[in-house]
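One letter stands for each residue in the lines below.
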Amino acid sequence: MTATVTSRVPLWRNVNVLKWVAQLVVVAIVVAIVIWLYGNYTENASDQNIPTSFDFLDNPAGFQITGNSLSQSAPVRDALVEGILNTLRVSIVAIVAATVLGTLVGIGRLSSNWIVKKLATVYVEAVRNIPLALFLTASLLVVVLGVFPQITDAWDLAGLAIISNRGVAVAWFNGSGVGLLLLVALGALAWYLVMRWRGRVADRTGALPRSGLWGAGAFIVVLGAGWALFGYSYTLPSVVGRGTEGGIRIDPSFFALFLALTIYTASHIAEIVRGSIQAVARGQGEAADAIALSGFQRMWYIILPQAMRIAIPPIGNQYLNLIKNSSLGAAIGYYDLTLVAQTSVGNGSPAVPAFFLTMTVYICISLVVSAFVNLANRRMMLVER
Amino acid sequence: MTAATRWLRHNLFRTKRDAFLTLVFGALAIWLIYKTVRFVFVTGRWTIIEVNLRILMVGRYPEVHDLRLAVTLIVLAAWGGLLAGFLRGRQFRAGRITSEDSKLTAARVLDLFERLWIPLAVIVLLLMLSGTAGPWLMVGLALVAALAGRLIGPVFGRLRLGAAVSAVIMLVFAAVPLGMYFYVVTAVGFDGWGGFMLNLFLSVCSIILCYPLGVLLALGRRSGLPLVRLVCTAYIEIIRGAPLFVLLLLANVALGFFVPDSLAPATSTRAIVVFTFFTAAYMAEIIRGGLQSIPRGQIEAAKAVGLSPIRQTGYIVLPQALRNVIPAQIGQLISLFKDTTLAGIAMSLFELLNVSGAITSQPEFRGQGLIAETLTFAALMFWVVSYTMSRESQRLEKRLGVGSR
Numbered sequence: 008m009t010a011t012v013t014s015r016v017p018l019w020r021n022v023n024v025l026k027w028v029a030q031l032v033v034v035a036i037v038v039a040i041v042i043w044l045y046g047n048y049t050e051n052a053s054d055q056n057i058p059t060s061f062d063f064l065d066n067p068a069g070f071q072i073t074g075n076s077l078s079q080s081a082p083v084r085d086a087l088v089e090g091i092l093n094t095l096r097v098s099i100v101a102i103v104a105a106t107v108l109g110t111l112v113g114i115g116r117l118s119s120n121w122i123v124k125k126l127a128t129v130y131v132e133a134v135r136n137i138p139l140a141l142f143l144t145a146s147l148l149v150v151v152l153g154v155f156p157q158i159t160d161a162w163d164l165a166g167l168a169i170i171s172n173r174g175v176a177v178a179w180f181n182g183s184g185v186g187l188l189l190l191v192a193l194g195a196l197a198w199y200l201v202m203r204w205r206g207r208v209a210d211r212t213g214a215l216p217r218s219g220l221w222g223a224g225a226f227i228v229v230l231g232a233g234w235a236l237f238g239y240s241y242t243l244p245s246v247v248g249r250g251t252e253g254g255i256r257i258d259p260s261f262f263a264l265f266l267a268l269t270i271y272t273a274s275h276i277a278e279i280v281r282g283s284i285q286a287v288a289r290g291q292g293e294a295a296d297a298i299a300l301s302g303f304q305r306m307w308y309i310i311l312p313q314a315m316r317i318a319i320p321p322i323g324n325q326y327l328n329l330i331k332n333s334s335l336g337a338a339i340g341y342y343d344l345t346l347v348a349q350t351s352v353g354n355g356s357p358a359v360p361a362f363f364l365t366m367t368v369y370i371c372i373s374l375v376v377s378a379f380v381n382l383a384n385r386r387m388m389l390v391e392r
Numbered sequence: 011m012t013a014a015t016r017w018l019r020h021n022l023f024r025t026k027r028d029a030f031l032t033l034v035f036g037a038l039a040i041w042l043i044y045k046t047v048r049f050v051f052v053t054g055r056w057t058i059i060e061v062n063l064r065i066l067m068v069g070r071y072p073e074v075h076d077l078r079l080a081v082t083l084i085v086l087a088a089w090g091g092l093l094a095g096f097l098r099g100r101q102f103r104a105g106r107i108t109s110e111d112s113k114l115t116a117a118r119v120l121d122l123f124e125r126l127w128i129p130l131a132v133i134v135l136l137l138m139l140s141g142t143a144g145p146w147l148m149v150g151l152a153l154v155a156a157l158a159g160r161l162i163g164p165v166f167g168r169l170r171l172g173a174a175v176s177a178v179i180m181l182v183f184a185a186v187p188l189g190m191y192f193y194v195v196t197a198v199g200f201d202g203w204g205g206f207m208l209n210l211f212l213s214v215c216s217i218i219l220c221y222p223l224g225v226l227l228a229l230g231r232r233s234g235l236p237l238v239r240l241v242c243t244a245y246i247e248i249i250r251g252a253p254l255f256v257l258l259l260l261a262n263v264a265l266g267f268f269v270p271d272s273l274a275p276a277t278s279t280r281a282i283v284v285f286t287f288f289t290a291a292y293m294a295e296i297i298r299g300g301l302q303s304i305p306r307g308q309i310e311a312a313k314a315v316g317l318s319p320i321r322q323t324g325y326i327v328l329p330q331a332l333r334n335v336i337p338a339q340i341g342q343l344i345s346l347f348k349d350t351t352l353a354g355i356a357m358s359l360f361e362l363l364n365v366s367g368a369i370t371s372q373p374e375f376r377g378q379g380l381i382a383e384t385l386t387f388a389a390l391m392f393w394v395v396s397y398t399m400s401r402e403s404q405r406l407e408k409r410l411g412v413g414s415r
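Same order as they appear, the protein sequences are chains A and B.
Residues in the first sequence are numbered consecutively from 8, following this note's numbering.
Residues in the second sequence are numbered consecutively from 11, following this note's numbering.
Chain A extracted, bound-state conformation (with noise of 0.2 Å):
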């Protein structure tokens, strides 16, 4: 029946022939411009002699990456592998500490103190509203540069930081970092391991599980383990001269890119996870203090697990933005991608084809990030019926 009404209408009254008309219409207007574009840049890049493949990868860089040991005439393609490293390096450490302060802000502007809820307050207002770009210059030129003290009179943490203007140390091991890394992998498996053992334990008996202490006592103990087994020892950073001996020496521009980077994200962290709470039922809190628990139990077992749920979408999205955020550290001569890429730029690599390959870099970690926050996202989410 359809087969002889469709006979029927026209060609051009035909809404299935029109809908693929219009698509192709669409398309080729997209690829028309696409050509236009490309058509452009070839034409313009062979009137300057500039070349569009991505040869230069191979070319000698020329410059040097502070803290790297890359000399100038290793290629273009290890000096951005090493820019790579840098923006992952300070967005990982970045993420943890902003998280971290961001989900106590956010708990604490719903504390019942009225000091500590006004301090949260004005943190969330005051750092929300001002650019990122801003607190960076801030903390490089006001905080690194001009707060912090002389190397002569550096301020020392115990030993374990010396903390001056002309980075900040602190204690560090000597040893393989990969194996470290692996250690810490295997430690959190068996905090995991020991975590639901604990649980399974408690339904079988009836024991309070206490399972985070269990958990964190088996971290400790395989890392400690694995600490001595492979020789790993510690050094202690030493003001020595003009510099500091000993430790790991982190960067001005990268304590302060971190800084800032902290700051700005925990602060929209913060709102986040206050949404988050005050989303889940009023009801749970009610029950958790009906059953008598205390009030980290009633956070930890039974807000902010639920809380969480709601805000993994969103803060995901935050960690998103504070990847592509380091970006900026270029802007006080952090050699993150985009600097390594700008400096080789300017070092006569051609433009177009360093900054997409830039781009295309930055995506690939956007991809990779959000299909790790989807998975967290499908695994916490309710299953209902």
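Each hint can be trusted.
The following residues of chain A were derived to be distant from chain B, with all beta-carbon distances above 10 Å:
1. 19
2. 62
3. 173
4. 188
5. 191
6. 201
7. 213
8. 266
9. 380
10. 381
11. 388
DSS-like cross-link-like pairs, simulated, lysine-lysine; straight-line CA separation at most 25 Å:
12. A:125 with B:45
13. A:124 with B:26
14. A:124 with B:408
15. A:124 with B:45
16. A:125 with B:408
17. A:26 with B:313
18. B:26 with A:125
Hints in this document: simulated from the structure, not taken from any laboratory.
Built from N, CA and C at the ideal position, the CB exists for glycine as well.
Position chain B against the provided structure of chain A, taking the given hints into account.
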């Protein structure tokens, strides 16, 4: 027990842990307040701001053309007042408010003052710093113009005009800001903007320009045509995956490659192009959220009364969808406004953050470590605009009842 001690007991010293928190954070708060007050009134050397106030606000805009800025501000104030009054009149005509609601009572004035005292205080501070009569006159006239517009506007709003007449009025109305733009820009050329004015200009331009593209992308991403959906989704995800800063760098060095020489744009145009295309992707996602919030029944009803697909979207779906996500749109506007500082870093545009860095190396201020003072001033400027916008957006959110339905 007096009320004060009861309040203290309840809010600060309820339990031992509470008392501990109060002592620790109370000490922190006192220290912060002490430091801030000391910086503002004792140690801060604010001469640099007073001397450079003009350059901070309008950059290198020539002094002979100051009249243009003043006229523009006053005309735009009147325009805004007229628009607000007009909308009020329309609401009245539609019966959504009564004449009681628009009476100027003391309560309403107080409410308005409570909402806007922070930006007003900052404006007064700026005027006091300026030290001349011109700016006072300008702001005063602008206030009078806005008030006059607000009072005249409802009259137009209540009139029932023919379609042709109202179309002409709309066109004239839309032409006013455009005319003002040319009036200001012909004095200096396109790259002559600077200072805080540039930040405001970049964000307003980009937010207006990104709308059509954002709406199209949002509709495209939800369309039933697979190829269109693919193109829109790819655009949105690629732009959202890339950092704005890198896009600005790319545009700064490479936009000239992609267009013929005759079209090679000025630096501030490049910034607007990037901000527009970047914000459009985010706006599209916000608008998509709005579209998803429209109940299916609305579209079915529109179909039932025989509207064409374009009219269904234009008359029924879009107006509701856009209204539902007004707060999120304002949030995007705020973040765009803050992001205009990136144009200063990536493209060396002379916007407020760049100016506040640059003036510390003037001969009379060099080497005195005045960056803290200038950055504080810049932070105050950005803060007051963003904070006011976000407060107003929260208020709007409450009034529209978004999230509570």
